[in-house]
Amino acid sequence: MKTIASVLICLSTFFISAQENIVQNDIKGFLGINQQQITSLGEAIPEAQYGWRPAEGVRSVGEVLLHVAGANYYFASKLGFAPPEDVNIMTIETITGKENILAILKKSFDFVQDNLGQVSSADFSKEIDLGFAKMDELSTMLLILDHSGEHKGQLIAYARSNGITPPWSK
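First residue of the sequence shown? That's 1 in our numbering, and the numbers climb one at a time after it.
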């Protein structure tokens with residue numbers, strides 16, 4: 001009986017600690033969906049169409065992917081996570097070539113995923129100056145999710161405009 005009680009206590013401790021980061025884990029889960037879908041769209045669009053844009057003054061396919069990558073690093077840096085030394089967020093949007101663009105995009109999503117779980121729930125209300133707005137840490141985490149979702153929709157429209165069906169819709 002003592003063994004069963006000990007196991008139950010250990011399990012309850014595990015579940016309680018797993019609950020501590022429930023918000024961070026949920027955001028990471030939804031962000032993972034956006035990551036997979038944006039990446040698969042980037043892979044499905046031929047490199048020759050990375051320069052395509054629906055109108056003058058609007059970001060091209062490649063520019064949208066790089067913008068998402070840069071924003072991932074920027075928002076994470078505002079949460080206190082410095083980008084890797086080999087990433088310059090000020091010049092990220094100058095990267096060329098489909099392979100290079102997809103590599104930095106994937107790296108940026110991995111970086112955000114690796115760090116969001118480290119944001120303490122106790123700091124959710126801590127104010128952050130993003131330069132264009134002041135938000136708390138939780139809102140900044142949600143902004144990362146929302147921003148990637150916004151540009152996923154943009155890329156879906158770009159793909160469909162060019163006769164490309166999003167891979168998950170086939």
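Hint data in this document are derived by calculation from the structure and do not stem from the laboratory. Certain hints may be false.
Below are the EDC-like pairs computed for lysine to aspartate or glutamate, each with C-alpha atoms no more than 16 Å apart in a straight line [said to hold, decoys possible]:
(1) Lys28 with Asp110
(2) Lys78 with Asp123
(3) Lys28 with Glu127
(4) Lys78 with Glu20
(5) Lys126 with Asp136
(6) Lys106 with Asp86
(7) Lys28 with Asp86
(8) Lys152 with Glu85
(9) Lys98 with Asp136
(10) Lys78 with Glu43
(11) Lys98 with Glu43
(12) Lys106 with Glu63
(13) Lys134 with Asp123
(14) Lys152 with Asp86
(15) Lys98 with Glu137
(16) Lys78 with Glu137
Distance windows between CB atoms, simulated [what the hints assert, rightly or not]:
(17) Ser77 with Gly163: 22 to 28 Å
(18) Gln118 with Glu43: 37 to 43 Å
(19) Glu20 with Leu142: 17 to 23 Å
(20) Asn25 with Ala48: 38 to 44 Å
(21) Leu130 with Glu99: 26 to 32 Å
Small disclaimer: the values here were computed from a predicted structure and weren't measured. No residue lacks a Cβ here, since even glycine has one placed at the ideal position from N, Cα and C.
Hints and how they fare:
1. Our distance criterion of 16 Å between C-alpha atoms is met by Lys28 and Asp110, whose separation comes to about 10 Å.
2. Restraint check: the Cα-Cα separation between Lys78 and Asp123 comes to about 13 Å, which is no more than 16 Å; the hinted pair holds.
3. Using a Cα cut-off of 16 Å, the hinted pair Lys28 and Glu127 is violated, with the two alpha carbons roughly 21 Å apart.
4. In summary, the hint linking Lys78 to Glu20 is not supported, as the alpha carbons are separated by about 22 Å, beyond the 16 Å threshold.
5. For the hint linking Lys126 to Asp136, the alpha-carbon distance of about 5 Å falls within 16 Å, and the restraint holds.
6. A hinted pair counts as satisfied when its Cα atoms are at most 16 Å apart, and Lys106 with Asp86 qualifies at roughly 14 Å.
7. Of the pairs offered as hints, the one joining Lys28 and Asp86 is violated, with about 24 Å between alpha carbons and a cut-off of 16 Å exceeded.
8. Distance check on the hinted pair: Lys152 and Glu85 sit about 27 Å apart at the alpha-carbon level, beyond 16 Å; violated.
9. A hinted pair counts as satisfied when its Cα atoms are at most 16 Å apart, and Lys98 with Asp136 does not qualify at roughly 35 Å.
10. For the given pair, Lys78 sits about 29 Å from Glu43 by alpha-carbon distance, which is inconsistent with the 16 Å threshold.
11. Proximity of Lys98 to Glu43 is assessed by CA-CA distance (about 8 Å); at most 16 Å being required, the pair is judged to hold.
12. Only pairs whose Cα atoms come within 16 Å are accepted, and Lys106 paired with Glu63 is accepted, the gap being roughly 15 Å.
13. Of the pairs offered as hints, the one joining Lys134 and Asp123 holds, with about 15 Å between alpha carbons and a cut-off of 16 Å not exceeded.
14. Between Lys152 and Asp86 the CA atoms are separated by roughly 26 Å; this puts the pair beyond 16 Å, and the hint is violated.
15. Taken as a hint, the Lys98 and Glu137 pair is broken in the structure, with Cα atoms around 33 Å apart against an allowance of 16 Å.
16. Taking the CA atoms of Lys78 and Glu137, the gap is near 9 Å; set against the 16 Å cutoff, the hint holds.
17. Taking the beta carbon of each, Ser77 and Gly163 are about 38 Å apart, not inside 22 to 28 Å as hinted.
18. Separation of Gln118 from Glu43 is about 29 Å and departs from the stated range, judged on CB atoms against 37 to 43 Å.
19. A hinted range of 17 to 23 Å holds for the C-beta pair Glu20 and Leu142, which are about 18 Å apart.
20. Under the hint 38 to 44 Å, the C-beta atoms of Asn25 and Ala48, about 39 Å apart, fit the expected range.
21. Checking the proposed 26 to 32 Å range against Leu130 and Glu99 shows it holds: the Cβ atoms sit about 31 Å from each other.
Violation of the numbered hints given earlier is confined to hints 3, 4, 7, 8, 9, 10, 14, 15, 17 and 18; the remaining hints are satisfied by the structure.
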